[in-house]
Amino acid sequence: MADLKLDQIRKRYGAVDVLHGIDLDVKDGEFVVFVGPSGCGKSTLLRIIAGLEEITGGELMIDGDVVNTKSPRDRGIAMVFQSYALYPHMTVYKNMAFGLKLDKQDKSAIDARVREAARILQLDQLLDRRPSELSGGQRQRVAIGRAIVRQPKVFLFDEPLSNLDAALRVQTRLEIAKLHQDLKSTIVYVTHDQVEAMTLADKIVVMNGGNVEQVGSPMELYHHPETRFVAGFIGSPAMNFTNVRIDAVAPGKVTVSAPGGIKSVLPFEVPQSEVGKTVELGIRPEHLAPGDEETLSVNGEVDVVEKLGDSTYLYIKLANGDRVTVRAPGHSRIKIGDMVTASAPAGAAHLFDGDGKAFVKVDCPAEFSAEE
Amino acid sequence: MSFSNIRREDASRAVIVHAILLTYTLVALYPIFLIVINAFKTRKGIFRDPMGLPNAETFSIEGFTKVLAKSNFELFFYNSFTVTIVTIVIVLLLASMAAWALSEYKFPGNTALALYLAIGIMVPIRLGSVSILNLIVDLGLVNTLTALVLVYVAQGLPLAIFILTEFMHQIPKDLKEAARCDGVGEFKIFFAIILPLIRPAVATVAVFTMIPIWNDLWFPLILAPGDGKQTITLGVQQFIGQYVTDWNAVLASLSLAIIPILILYLIFSRQLIRGLTSGAVK
Numbered sequence: 249m250a251d252l253k254l255d256q257i258r259k260r261y262g263a264v265d266v267l268h269g270i271d272l273d274v275k276d277g278e279f280v281v282f283v284g285p286s287g288c289g290k291s292t293l294l295r296i297i298a299g300l301e302e303i304t305g306g307e308l309m310i311d312g313d314v315v316n317t318k319s320p321r322d323r324g325i326a327m328v329f330q331s332y333a334l335y336p337h338m339t340v341y342k343n344m345a346f347g348l349k350l351d352k353q354d355k356s357a358i359d360a361r362v363r364e365a366a367r368i369l370q371l372d373q374l375l376d377r378r379p380s381e382l383s384g385g386q387r388q389r390v391a392i393g394r395a396i397v398r399q400p401k402v403f404l405f406d407e408p409l410s411n412l413d414a415a416l417r418v419q420t421r422l423e424i425a426k427l428h429q430d431l432k433s434t435i436v437y438v439t440h441d442q443v444e445a446m447t448l449a450d451k452i453v454v455m456n457g458g459n460v461e462q463v464g465s466p467m468e469l470y471h472h473p474e475t476r477f478v479a480g481f482i483g484s485p486a487m488n489f490t491n492v493r494i495d496a497v498a499p500g501k502v503t504v505s506a507p508g509g510i511k512s513v514l515p516f517e518v519p520q521s522e523v524g525k526t527v528e529l530g531i532r533p534e535h536l537a538p539g540d541e542e543t544l545s546v547n548g549e550v551d552v553v554e555k556l557g558d559s560t561y562l563y564i565k566l567a568n569g570d571r572v573t574v575r576a577p578g579h580s581r582i583k584i585g586d587m588v589t590a591s592a593p594a595g596a597a598h599l600f601d602g603d604g605k606a607f608v609k610v611d612c613p614a615e616f617s618a619e620e
Numbered sequence: 011m012s013f014s015n016i017r018r019e020d021a022s023r024a025v026i027v028h029a030i031l032l033t034y035t036l037v038a039l040y041p042i043f044l045i046v047i048n049a050f051k052t053r054k055g056i057f058r059d060p061m062g063l064p065n066a067e068t069f070s071i072e073g074f075t076k077v078l079a080k081s082n083f084e085l086f087f088y089n090s091f092t093v094t095i096v097t098i099v100i101v102l103l104l105a106s107m108a109a110w111a112l113s114e115y116k117f118p119g120n121t122a123l124a125l126y127l128a129i130g131i132m133v134p135i136r137l138g139s140v141s142i143l144n145l146i147v148d149l150g151l152v153n154t155l156t157a158l159v160l161v162y163v164a165q166g167l168p169l170a171i172f173i174l175t176e177f178m179h180q181i182p183k184d185l186k187e188a189a190r191c192d193g194v195g196e197f198k199i200f201f202a203i204i205l206p207l208i209r210p211a212v213a214t215v216a217v218f219t220m221i222p223i224w225n226d227l228w229f230p231l232i233l234a235p236g237d238g239k240q241t242i243t244l245g246v247q248q249f250i251g252q253y254v255t256d257w258n259a260v261l262a263s264l265s266l267a268i269i270p271i272l273i274l275y276l277i278f279s280r281q282l283i284r285g286l287t288s289g290a291v292k
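Going line by line, the protein sequences match chains A and B. The numbering of the first sequence is my numbering, which starts it at 249 and goes up by one. The numbering of the second sequence is my numbering, which starts it at 11 and goes up by one.
None of these hints come from the bench; they were simulated from the model. Errors might be hidden in some of the hints.
Stated by the list, open to error - Quick list of in silico lysine to aspartate or glutamate cross-link-like pairs, EDC-like style, CA-CA up to 16 Å: (1) A:K318 with A:E301; (2) A:K318 with B:E196; (3) B:K183 with A:E301; (4) A:K511 with A:E534; (5) B:K116 with A:E302; (6) B:K183 with B:E196; (7) B:K116 with A:E301; (8) A:K275 with A:D255.
Said to hold, decoys possible - Selected chain A positions facing chain B (in silico; Cβ < 7 Å): (9) P320; (10) R321; (11) F329; (12) S331; (13) Y335; (14) H337.
Just so we're clear, the structure is a prediction, and the values are computed from it rather than from any experiment. Just so you know, even glycine gets a beta-carbon here, dropped at the ideal spot from N, CA and C.
Bound-form chain B, shown alone (with noise of 0.2 Å):
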């Protein structure tokens, strides 16, 4: 086979590739398109030309007016907001420090004891909602942020200290050896050393464990539907009725709800980006 036959069959290649690609971004985007365009819209205009783009006849920004003039939606932004943001810092907090016990510290049931932990990646929490309903109702969390971040914090961790055990395996141990030797403590060798090395792995796992609880509509739904602490997803719900949906609101309260998602999501791959180990060991 000459180079020019592999080259050309390279090049074959990455087209494939790349139309796929291209082809499953588009069909995972459009759904967002369309919320978004429709959002712009009159009731009329959605209806009548739901693919369509707005235009000066469909133009109409009501839905906005309406989501943030009759409902709550700051109350429901800022459940929303607390609940992710104070269950990303208890899981990344726990997950690393329980990835850095199992992947450095040689004690009996280390591995047992990660294995209990993988478990909970297998079975989806939802299939204890019954149990941890009767738990929170037992610990009068009901109607709190506080059930939802507990909830959350448990479905998180497993994964997060999958993923966090495996980064830290790859640290060099010459590493961790010459911060001992340094007279360096085990949390400071751990908060100064190991977290900043493994900071894109953080990143990764913020992600993860962000987008699941900021999009749930399940746990807000049997462990505080009440009133003030209703999360975003929930709250929408008021726009979507038996009979009639309010699809100029719902299409709008969404639209303005992927917006802090979409920050905190910016804010975090950019530290997926970094590497910062080049220049540890040779």
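Next comes chain A alone, as it looks inside the complex (with noise of 0.2 Å):
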């Protein structure tokens, strides 16, 4: 178990950079998910941890040794593969003792240890068996028994849930925060799936572009999101965006408006040079709701419905022709073509200036805030 520290990590295929400097501490024990667009890097940033990329600049340590030149096997990590990479021409146990066997540890310390494993991941009956006689999940559970023998100071996942269908990855998910529980290692894991990372995550590290973009835990990056990128990644189904205008500020207020509709006063601490100019006011769909009780309100034509039992999904089209999501209670009977009145408390919503950056909230109630 050991702590992991990346200080200006850069890569660069080519002419092409992938990586522009990255900062990150990893305390020990902690379970950092790496999320993003596919091409955000992320996977990269994981290869380099691994030792599988070179690094063009910056420096990397694990437990307080600078490991950049080091291969694989001198960092202790272990990885676990998307396509679970497993040995195929080897049984379940020789697939997990494979590694150890090499470091010419006594064998019956590698069976134990193998058979600890196989014990933990409910993989004692399959030991005989090849991979190709696996399912998925249980191929995913040997790739990651193959890492948990090694007994790694970090483990390193790859998006490994993505080739298992809907109710094994949700199982597997399980498993998998389980296991950190269990074993109290540093897991950094790399998803494009926000639920995923919401679900496992200390700490979440969303990136895009080569760049990260917040670094937080679950709840702060719901919550605080610093950026409209990570407002938007981060929540299912993903935060309503629309236009609207500033019209006047007042210190811990600020009054916008957009044609045809809103018009609200938010607790937000913007700067008198924004007056007149065009921002992104954000809203999550959980926390519209039908009806005009509440300070933000929006209204529009239903042109589409979907109904998930505990709740209903309303698609709002605005007057200036943005599409706006609304959570429903599962019991609603708004239909296609109604016009909609929906509304949300003024400290729900979220406001970006034209770079995409989140304005300060004031006073921030405490449903929609992080803090404990």
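Combine the two chains into a complex, taking the hints into account.
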């Protein structure tokens, strides 16, 4: 077990810059998830930590040692691949023991470690099978087992659930969370699925275009996104955005309006220079509810209704052409074509300037805050 | 077009394809069949009815007794076998290691080297016979099996490297990287993971390499024609005279020569069928 420190990590393929100086501190025992859209550099960063890609610039430290030029075997890491990458010609037992045999360890010690890992992952009955005789979920567990037996300082997971079907994915996700609780090990986990990130992580690193957009706990990212990108990426269904104009600014208050409906006073600290400019207003679907009881209201025609049972998502077309998703109760009887007004508390709003940076919210209500 | 039409078209196509393949098989196998049946006939039987099967009147194994009693057949056999096996082992080892280097590691001149090796496939090694003979004379290796092994290794390597490189490209990258993360050294990755996975390709290459060597007459004739070093194809030649050819003996020894190569082929072809990569990655 160890901490991990990235200092201005850069990666360049030929003339293309893939990572533009990544700084990150991972503490001992922390579960960190890299999340971002395809091509954001999250897998490259993980492979750099693993030692499978060379570092173009910056420093990588595991357990206080600079490991920039060390080979994967000397870094004390273990990696679980998206494709499992099991050795097809070896049994489950041999797959797990293979890396250990090379360390010239005592046979009975190896055996004990393999059996212990097999017990944790419920692979006891499968030790003599070949990978081709296993289901996807079982293969994934073997791949995890192969990492566990190495007792690494840092576990690396590269989209380990992507190849599993939906039900198995949820189950394996729980197993990984439980594994982390049991082993208390440092884990770096890459995924493009924000639900996995939210459920598993102690700390989420949102990446975009080779940069870190924001680092924080799942709740911090959910309630206090620093950029429009993070706001749109975290949360499902995604946050609604619509353009509004800043009409007036007062200390801790801003008046915004949009043609055809929205006019509201929101609790943000906005500089005077922004008056008259167009900014983006963001509200999460789950904070909107049909009706006009709250301060921030939108209205328009419903053009799609999705019924999920416990809730119903209404897709409302605003006067300015933007679509807004509203989470209505499951028993909602609103139909396509209905004119609907939905509203949210002012404290639930997010406001982003022209560069996508969030304005500071003041007096954030407890229900929209990550503070405990 | 209706479904039945499509099906009828498919069926007629299958018939045509099979007819062509069957014809080709017959054409390819008939000479071998002739050799084998005539090996079991008397000399008269061979000349009177070369296409006929041996019957009570013409059946004879005089060819075999002559070969086994009068010539050093076991020695020729041993020589051919040694040369072939030693060559296969060296070619497979060197070619697979070279292929691994070419496919896995990026180093300056990688492509140029691969191209250089590929030229060996296009240029027949026999064009260099004179220089090879000079070289072997200078090395003092004339009339040794070593000379043959060296030449055959050179002859077999280019194609072997080419085929194995292609196969190694197909091994999932994740598998090698997983092994590296497991702390496995490069040699161990090669011998414990890569080689077992490309076993079918290795078997293919073994067959490709072995058959021309076993059948070669040219290099044994110019490099190792001396007594005691002759290979089987060269040994057979002693029954072929300028005026009289002992067909019984020639055909009998050729029939016998087929057996070991057939056995080797059966061993290797068993590996060809086995697909091992299933279950490695999804």
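For each hint, the structure was consulted:
| no. | hint | verdict |
| --- | --- | --- |
| 1 | A:K318 with A:E301 | holds, 11 Å |
| 2 | A:K318 with B:E196 | holds, 15 Å |
| 3 | B:K183 with A:E301 | holds, 13 Å |
| 4 | A:K511 with A:E534 | violated, 20 Å |
| 5 | B:K116 with A:E302 | holds, 13 Å |
| 6 | B:K183 with B:E196 | holds, 14 Å |
| 7 | B:K116 with A:E301 | holds, 13 Å |
| 8 | A:K275 with A:D255 | holds, 14 Å |
| 9 | P320 | holds, 5 Å |
| 10 | R321 | holds, 3 Å |
| 11 | F329 | holds, 5 Å |
| 12 | S331 | holds, 4 Å |
| 13 | Y335 | holds, 6 Å |
| 14 | H337 | holds, 5 Å |
The structure shown violates just one earlier hint, number 4.
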